[in-house]
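Asks: Put chain B on the given structure of chain A with help from the hints.
Order-wise, the sequence lines are chains A and B. 58 is the number that my numbering gives to position 34 of the first sequence; each next residue is one higher, with no gaps. 92 is the number that my numbering gives to position 104 of the second sequence; each next residue is one higher, with no gaps.
For the record, the hints were derived by calculation from the structure and aren't laboratory data. We treat Cβ as the ideally placed atom computed from N, Cα and C, and that holds for glycine. Be a bit skeptical, because a hint or two may be false.
Stated by the list, open to error - Short, incomplete list of chain A residues facing chain B, as computed with Cβ under 7 Å:
| id | residue |
| --- | --- |
| 1 | F73 |
| 2 | K76 |
| 3 | P129 |
| 4 | R132 |
| 5 | F158 |
| 6 | L162 |
| 7 | R166 |
| 8 | G168 |
| 9 | Q169 |
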Amino acid sequence: MAPLLYTVFLLLLGCLLPDNALAFQPHAYSGLYIHQLAHFFLIVSLFFFAVKARQTRLASLKGWQYIITGTWLLMLWSAATMVGHFLDLDISEDALFLPPGANIPLLRLSGWQEALYYILKFDHFIAVPAMFLFYRGLKLLREGQAASSSSGQNRS
Amino acid sequence: MITISMLPVWILDFGGAVALIVLSGLCLKHAHALARADRESPLAIFLLWFCGALFALALSRSSGHILKHLLTLSGKEDLWLFLAPYSGSINSMTFIVIASVTLFFNRIETIMERMVRDREKIEKNSQDLFRLNKDIEAVIAERTRAAMALRIAHEVRNPVTIIGGMVRRLLNAYPSEEEGRLKLIHILDQARKLENLVSKFESVRPESKKIFAPLDLNPIVTEAMESVQEEARLKEVSLVPALSPTPLFFHGNSSLIKIAIAHLLRNAVHACGKQNRIIIATEMTSSGCQVKITDDGPGISKEMLEVIFDPYLHINRLSTGLGLPYVKQIINEHMGTVTVTSEQGKGVTVLIILPTHLGELTGVAGGSYAI
Chain A
25 MAPLLYTVFL LLLGCLLPDN ALAFQPHAYS GLYIHQLAHF FLIVSLFFFA VKARQTRLAS
85 LKGWQYIITG TWLLMLWSAA TMVGHFLDLD ISEDALFLPP GANIPLLRLS GWQEALYYIL
145 KFDHFIAVPA MFLFYRGLKL LREGQAASSS SGQNRS
Chain B
-11 MITISMLPVW ILDFGGAVAL IVLSGLCLKH AHALARADRE SPLAIFLLWF CGALFALALS
49 RSSGHILKHL LTLSGKEDLW LFLAPYSGSI NSMTFIVIAS VTLFFNRIET IMERMVRDRE
109 KIEKNSQDLF RLNKDIEAVI AERTRAAMAL RIAHEVRNPV TIIGGMVRRL LNAYPSEEEG
169 RLKLIHILDQ ARKLENLVSK FESVRPESKK IFAPLDLNPI VTEAMESVQE EARLKEVSLV
229 PALSPTPLFF HGNSSLIKIA IAHLLRNAVH ACGKQNRIII ATEMTSSGCQ VKITDDGPGI
289 SKEMLEVIFD PYLHINRLST GLGLPYVKQI INEHMGTVTV TSEQGKGVTV LIILPTHLGE
349 LTGVAGGSYA I
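Pulled out of the complex, with its shape left as it was, chain A reads as follows (with noise of 0.2 Å):
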């Protein structure tokens, strides 16, 4: 209790000086970072999801196998975009630009990064089979309850 209160005391006491009041700071360029982090934290998620559902019983159930396997790709997708982001700061300003009298941009591919900044545009090619393998399994999921259900009817 006494190390408790001894530091409620030291942060009031932070309260009586006036100078330098670190209560709000500035969050102009926090905004990409916070997304980063986001991202991060869906991956380590997405990860520690991943590995114990393979370790429990569920693993062996068709519907699952498909749900884990989504998480792996999701997890791949969630990491392609992070690097897209950094990226989108690293290549030139003038890398993407559009041409007059044009609604598509075009991008100039000047170095490495110009051209996986191009690839990894294509994100969907991993977001979207994701997305389908959760919609597989969860269909199997349900199919499996049902089946299960109307037997057990059967049997009563």
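Replies: Relative to chain A, chain B alone:
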């Protein structure tokens, strides 16, 4: 220097965004159906939350991408620049929600595993109860049949014997040539048939014990111990097995003996407290197969011991389950004995002796309260 059009990226982005919304919507629909079908399943609830979060991500991200292309193509890029931070922030929030929901999976799986274990235990207990019920019904049916047969035999035997005796006397009194004598002989024949019938009724009684079979006592005692293991663990009471290394064969009914031993063990667990020990020993003695349950709990007073098997008595120590009279009944059915000895403050010893063949045991040593 190579330049490349972003048109393929835009086309795929647009199509992929629409596909993501549709697929995540279908995922949510299936997850909702799963949760609705099994409202109490934590796993179904988890999947519903997970798919709900995925749908939110797909909706926010995809609508942002579609909007971006539409606004850019229509020359309203400024509006997109205004909306982009909001779209990105919502996407970040949906990532956090998916990640948070996913982290709960570990806990949910633990709950599910426990639920499965408990369900298996309940199913096993139900099967045991069903078997026990069948055995009890069989015992009651046999008893009822035997009682009815004996009652009929008793009710019929006396009049038939009297009729037979009277007819014999009349036969002795009638001259041999008279017509009535033939009728008396016919009555006597019918009386003898009735006597034979009565003897058949009486033979029903020894046919009992059909539900009994040769058994090994040790596995039954082990199963009884397992059934009270959880209660003992919760009370921090140690169950110490000291089973005979060799099989202890006897003739009996496993369900009934198991329920009797489990009841005695449960009583002991309820009476004992932290750090107490209950020793369950089995061995073959000259009297038969022996089960000895010894605890170092508070014990029972001498006055209580004298009336311990009284069916109308309620003692706190013995208030669980079906009651000691039931245990006594089961052991009686097996022609065995159950003995309880105790010294207050030093614990209780319950001794069950089961004959190796029914009817073998006729008594038990004194010095305690035996049935």
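Asks: Hint by hint, note whether the structure agrees.
Replies: A quick look at each hint next to the structure:
{"no.": "1", "hint": "F73", "verdict": "holds (4 Å)"}
{"no.": "2", "hint": "K76", "verdict": "holds (6 Å)"}
{"no.": "3", "hint": "P129", "verdict": "holds (5 Å)"}
{"no.": "4", "hint": "R132", "verdict": "holds (5 Å)"}
{"no.": "5", "hint": "F158", "verdict": "holds (5 Å)"}
{"no.": "6", "hint": "L162", "verdict": "holds (4 Å)"}
{"no.": "7", "hint": "R166", "verdict": "holds (5 Å)"}
{"no.": "8", "hint": "G168", "verdict": "violated (10 Å)"}
{"no.": "9", "hint": "Q169", "verdict": "holds (6 Å)"}
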